[in-house]
Amino acid sequence: MCKVNIYITLKEAVLDPQGKVISQSLKDLEYDGVRDVRTGKYLQVELADRENAEQKIEDMCNRLLANPVIEDYTYTIEEVV
Amino acid sequence: MKFAVIVFPGSNCDEDMYHAVSEVLQEEAEMVWFEEADLDEYDGVLLPGGFSYGDYLRSGAVASVSKVIAQVREFIAAGKPVLGVCNGFQVLLEMGELPGAMLRNRDLKFICREESLTVEQTDTMFTSSYEEKETISLPVAHGEGNYYCDAAVLEKLKENRQIAFTYKNNPNGSTGNIAGITNEAGNVLGMMPHPERAVEELLGNDDGLRIFESILTHWRDVHAVNN
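Here the protein sequences come in this chain order: A and B. To convert, note that position 15 of the first sequence is 4 in the working numbering; the numbers rise steadily by one, no gaps. So the mapping is simple: the working numbering equals the position in the second sequence, first residue as 1, plus 747.
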């Protein structure tokens, strides 16, 4: 079995209104050093086996988990014994 | 003409769509549960608004890979009319049948009010009953109606004359003030405003009715030629 951690983020060129509001809120709390906040999604997917995990995960991301028009994704795979 | 209104778990404008077509346009319509649909017997497909699958993951994403979708793609490939309103538009974007994607509204608010629109395109099977550049008013009701596409796609939409409706006062941050677009072939229209909620003067607005009338007119023309 393996556990896959998937991070989905908005592409650089895409405006993130939620991130903007959070950023402003942090500034209101006087965290003056905050330059920008970007929001995203974190998904954990458990796969029965490690074989071809990269290919399977990328396929899942491209077909459903991420929208390639507006989002990028990265992932890490942890083998669970 | 016979319409199918596809009902997903979480659709909530399906009854309005059904009412618009069956009671006001007075054509045949059926509400079709997404798992039981057989689209062969229909002439038009309507994807209604709402919150299919609770908007989980992204609006329209889960519905866009559900059971009925292969049939909807065949329907589109056959050149038959498909209208997606609000969540229906989001489903068509997630399917990749229309270019671009939806983001949260610029000001993060759910917007529920009437908006003025410009009819940009009248030589489509959905808008032929309007005047070019006519101003109409339709209700919008969405939290994720901020249409996004990159500059290259926007250019292509303009070049191919695929922009059907624009907002006069962009309420949600949509690229190019876009409120509705068609596919390249012209038989798919996706739009955020709700024409099915504006089909009767009794309820204060019938500006949306002409979309359904346009579809019917086109269908009758094609049908007459085929006979």
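The set of hints was computed from the structure by calculation and includes no laboratory data. Because the structure is a prediction, the values reported are computed rather than measured. Please note that the accuracy of each hint is not assured.
[Claimed, not checked] A few chain B residues that don't get close to chain A, going by computed Cβ distances all over 10 Å:
id: 1; residue: F798
id: 2; residue: A808
id: 3; residue: V809
id: 4; residue: E841
id: 5; residue: D854
id: 6; residue: Y895
[What the hints assert, rightly or not] Going by beta-carbon spacing under 7 Å, a handful of chain B positions derived as facing chain A:
id: 7; residue: R805
id: 8; residue: A848
id: 9; residue: K856
id: 10; residue: I858
id: 11; residue: R860
Think of the CB as a built atom: it goes at the ideal place given N, C-alpha and C, for glycine as much as any other residue.
Tell me the hint numbers this structure goes against, listed in increasing order. Result: hints 2, 3, 4, 5, 6, 9, 10 and 11 break, sorted rising.
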